[in-house]
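Here's the letter readout for the chains.
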Amino acid sequence: MARILVVEDDRDLNNAYSIILKNEGHEVEVAYDGKEALAKLKDFSPELILLDLLMPVMGGLEFLQNYNLQKAHPDVKVLIFTNMENSPEVGEAYKLGVRRCIIKSWTAPHNLARVINDTLKQKDTVQTPTS
Amino acid sequence: MPKSSPQKSADRAASEQRAEAEALFTSIGDGAISTDEFGKITRVNPVAQKILGYTEAELVGEWFPKAIVAINADDTIMTLIDRPITKAFLTGHSIYEKTFYLRKNGEKVPVAMTVSPIILNDRPLGAIEVFRDITLEEEIDRMKSEFISLASHQLRTPLSAIKTYSHMLIDGYMGPITDTQKKSLHTIVGAANRMNELISTLLNITRIESGTIAVTPKPVELGAMMDEVGKELSLMAADKAVALNITMKGSGSTTIKTDPLILKEVLSNLITNAIKYTPEDGRVTVEIKPRPTDVVFTVTDTGWGIPEEAQDQIFTKFFRAPNIVKRETTGTGLGLYLVKGLVDRLNGSISFKSKEGQGTVFSLTIPRSVRRSGRQLTAAGG
Chain A
2 MARILVVEDD
12 RDLNNAYSII
22 LKNEGHEVEV
32 AYDGKEALAK
42 LKDFSPELIL
52 LDLLMPVMGG
62 LEFLQNYNLQ
72 KAHPDVKVLI
82 FTNMENSPEV
92 GEAYKLGVRR
102 CIIKSWTAPH
112 NLARVINDTL
122 KQKDTVQTPT
132 S
Chain B
141 MPKSSPQKSA
151 DRAASEQRAE
161 AEALFTSIGD
171 GAISTDEFGK
181 ITRVNPVAQK
191 ILGYTEAELV
201 GEWFPKAIVA
211 INADDTIMTL
221 IDRPITKAFL
231 TGHSIYEKTF
241 YLRKNGEKVP
251 VAMTVSPIIL
261 NDRPLGAIEV
271 FRDITLEEEI
281 DRMKSEFISL
291 ASHQLRTPLS
301 AIKTYSHMLI
311 DGYMGPITDT
321 QKKSLHTIVG
331 AANRMNELIS
341 TLLNITRIES
351 GTIAVTPKPV
361 ELGAMMDEVG
371 KELSLMAADK
381 AVALNITMKG
391 SGSTTIKTDP
401 LILKEVLSNL
411 ITNAIKYTPE
421 DGRVTVEIKP
431 RPTDVVFTVT
441 DTGWGIPEEA
451 QDQIFTKFFR
461 APNIVKRETT
471 GTGLGLYLVK
481 GLVDRLNGSI
491 SFKSKEGQGT
501 VFSLTIPRSV
511 RRSGRQLTAA
521 GG
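For the protein sequence lines, the chains are A and B, in the order given.
Under my numbering, the residue at position 93 of the first sequence is numbered 94, and the numbers go up by one with no gaps.
Under my numbering, the residue at position 215 of the second sequence is numbered 355, and the numbers go up by one with no gaps.
None of these hints come from the bench; they were simulated from the model.
Wrong hints could be hidden among the right ones.
[Unchecked claim] Okay, derived cross-link-like pairs now, DSSO-like style, lysine-lysine, Cα gap no bigger than 30 Å in a straight line: (1) A:LYS43 with A:LYS23; (2) A:LYS72 with A:LYS36; (3) A:LYS23 with A:LYS41; (4) A:LYS122 with A:LYS41; (5) B:LYS389 with B:LYS323; (6) B:LYS284 with B:LYS206; (7) A:LYS96 with B:LYS389; (8) A:LYS96 with B:LYS206; (9) B:LYS416 with B:LYS480; (10) B:LYS380 with B:LYS457; (11) A:LYS72 with B:LYS180; (12) B:LYS323 with A:LYS72; (13) B:LYS284 with B:LYS323; (14) B:LYS322 with A:LYS23; (15) B:LYS284 with B:LYS429; (16) B:LYS480 with B:LYS227; (17) B:LYS429 with A:LYS96; (18) B:LYS358 with B:LYS389; (19) B:LYS457 with B:LYS238; (20) A:LYS23 with B:LYS371; (21) B:LYS227 with B:LYS248; (22) A:LYS122 with B:LYS380; (23) B:LYS248 with B:LYS238; (24) B:LYS457 with A:LYS23; (25) B:LYS206 with B:LYS244; (26) B:LYS190 with B:LYS284; (27) B:LYS180 with B:LYS323; (28) B:LYS284 with B:LYS457; (29) B:LYS416 with B:LYS457; (30) B:LYS457 with B:LYS493; (31) B:LYS322 with B:LYS389; (32) A:LYS96 with B:LYS371; (33) B:LYS397 with B:LYS358; (34) A:LYS122 with B:LYS371; (35) B:LYS380 with B:LYS206; (36) A:LYS96 with B:LYS397; (37) A:LYS23 with B:LYS380; (38) B:LYS248 with B:LYS380; (39) A:LYS96 with B:LYS358.
Because the structure is a prediction, the values reported are computed rather than measured.
Isolated chain A, as found in the complex (with noise of 0.2 Å):
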């Protein structure tokens, strides 16, 4: 069992989402984007993110660069759940840090739980920036 916030501004979605979580019997907050999820690590301390990236008010990278993930937060484990596939804000994720990026439309739930329980088991802490 692990904390773990989900940061998705499609309400349908991170409902989804947490139900999945929850089901593998792990902790779960939400927030709806970037900024309401500053707000809440203020008070809740995850393991792992799974974090969106296009998102009003503050999105995904945006989050990345406030929350200074590689020196600030270099155990916590960041997963980008976004549609924009081959997008040049996919590459600035690996460079601030996340760990692996999983296409939405493209992941059934179990999937996603096994991706998710899959990072969590990882010990490592070293980044992995790509191009």
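Go by the hints and put chain B onto chain A.
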């Protein structure tokens, strides 16, 4: 009243002809600049003066390539050999290009131009360039691309919800369901998948056909990129029970300078196709072989293959091989058309070998270095 001499009449006629030519040149609705055979500017019409910010007096007599500075998309000054006027003089043909000119006040202005050599009795007399300011057109194109990107993203979000909730029902998150209900839900997921693929493809085709796919070369470490592609497609392969293996061959440098987004799109398409058209328990193998001047990617599958009679049409728009249409009723026939267009943008080449029922090998060759080209967009994704 004295009669006009024939000489005077001829002079008057010549003078009228010159005035008419002058009026014609001045009245051209686009910018127009003429030069002599050495490239020295002889005339500049009012529209050209307005676009460039120079008066005719400031330009006439100056050497065209020096007086009017052309800028590449990456803000470097265009070399003499790349200037359309040079090409027109060297080839003797009209040259059509889009580029940027530097205004007198230092601003960059996008222009579309045609430069034509003026040839009389096989002797070059000079050149004429007609050009127009395309700032507005470029802005409309940019807005169109941004709109398509945003619309694609917005279309996909409800699709993701449809798929996710359907899967949750199938996987029993909301309690047990009957086999008939499960079958219906799989139909919904399949339809959502097709819609999703269609959105991706249409987005990319629109970009290619409107010429808005810019090539932005960056150092690309092939190992890291293939790792990323592999991770993204491993779930799809697992769902289809197809083994996906990606290996690097040889000892050449694995860092090249190309557009990572375009290359990734090409490889994702080829590998997705291979997985899609390979039956369960099949294999898809991707090999990357860096060579001194290029890199060869081969995507080999144990799938249904392409019939011989269909092979010459495989890269054409909307084409689907008859053996695939029988097995997979869905599909747009746009995937390989898109791949070919993207490979061309990277100055690469693509070929294949296939035998029906035995599988297909696609070979993609990409140069180690590609030049920046096209309008550089900041908006992307979908």
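To see whether the hints hold, each was checked on the structure:
{"no.": "1", "hint": "A:LYS43 with A:LYS23", "result": "holds (22 Å)"}
{"no.": "2", "hint": "A:LYS72 with A:LYS36", "result": "holds (19 Å)"}
{"no.": "3", "hint": "A:LYS23 with A:LYS41", "result": "holds (18 Å)"}
{"no.": "4", "hint": "A:LYS122 with A:LYS41", "result": "holds (24 Å)"}
{"no.": "5", "hint": "B:LYS389 with B:LYS323", "result": "violated (43 Å)"}
{"no.": "6", "hint": "B:LYS284 with B:LYS206", "result": "violated (35 Å)"}
{"no.": "7", "hint": "A:LYS96 with B:LYS389", "result": "holds (27 Å)"}
{"no.": "8", "hint": "A:LYS96 with B:LYS206", "result": "violated (42 Å)"}
{"no.": "9", "hint": "B:LYS416 with B:LYS480", "result": "holds (19 Å)"}
{"no.": "10", "hint": "B:LYS380 with B:LYS457", "result": "holds (26 Å)"}
{"no.": "11", "hint": "A:LYS72 with B:LYS180", "result": "violated (60 Å)"}
{"no.": "12", "hint": "B:LYS323 with A:LYS72", "result": "violated (48 Å)"}
{"no.": "13", "hint": "B:LYS284 with B:LYS323", "result": "violated (40 Å)"}
{"no.": "14", "hint": "B:LYS322 with A:LYS23", "result": "holds (23 Å)"}
{"no.": "15", "hint": "B:LYS284 with B:LYS429", "result": "violated (38 Å)"}
{"no.": "16", "hint": "B:LYS480 with B:LYS227", "result": "holds (28 Å)"}
{"no.": "17", "hint": "B:LYS429 with A:LYS96", "result": "holds (26 Å)"}
{"no.": "18", "hint": "B:LYS358 with B:LYS389", "result": "holds (22 Å)"}
{"no.": "19", "hint": "B:LYS457 with B:LYS238", "result": "holds (27 Å)"}
{"no.": "20", "hint": "A:LYS23 with B:LYS371", "result": "holds (25 Å)"}
{"no.": "21", "hint": "B:LYS227 with B:LYS248", "result": "holds (22 Å)"}
{"no.": "22", "hint": "A:LYS122 with B:LYS380", "result": "holds (25 Å)"}
{"no.": "23", "hint": "B:LYS248 with B:LYS238", "result": "holds (13 Å)"}
{"no.": "24", "hint": "B:LYS457 with A:LYS23", "result": "violated (46 Å)"}
{"no.": "25", "hint": "B:LYS206 with B:LYS244", "result": "holds (13 Å)"}
{"no.": "26", "hint": "B:LYS190 with B:LYS284", "result": "holds (28 Å)"}
{"no.": "27", "hint": "B:LYS180 with B:LYS323", "result": "violated (76 Å)"}
{"no.": "28", "hint": "B:LYS284 with B:LYS457", "result": "holds (22 Å)"}
{"no.": "29", "hint": "B:LYS416 with B:LYS457", "result": "holds (19 Å)"}
{"no.": "30", "hint": "B:LYS457 with B:LYS493", "result": "holds (20 Å)"}
{"no.": "31", "hint": "B:LYS322 with B:LYS389", "result": "violated (44 Å)"}
{"no.": "32", "hint": "A:LYS96 with B:LYS371", "result": "holds (17 Å)"}
{"no.": "33", "hint": "B:LYS397 with B:LYS358", "result": "holds (5 Å)"}
{"no.": "34", "hint": "A:LYS122 with B:LYS371", "result": "holds (17 Å)"}
{"no.": "35", "hint": "B:LYS380 with B:LYS206", "result": "violated (61 Å)"}
{"no.": "36", "hint": "A:LYS96 with B:LYS397", "result": "holds (18 Å)"}
{"no.": "37", "hint": "A:LYS23 with B:LYS380", "result": "holds (27 Å)"}
{"no.": "38", "hint": "B:LYS248 with B:LYS380", "result": "violated (52 Å)"}
{"no.": "39", "hint": "A:LYS96 with B:LYS358", "result": "holds (14 Å)"}
Figure legend: structure checked against the earlier numbered hints; hints not met, in rising order: 5, 6, 8, 11, 12, 13, 15, 24, 27, 31, 35, 38.
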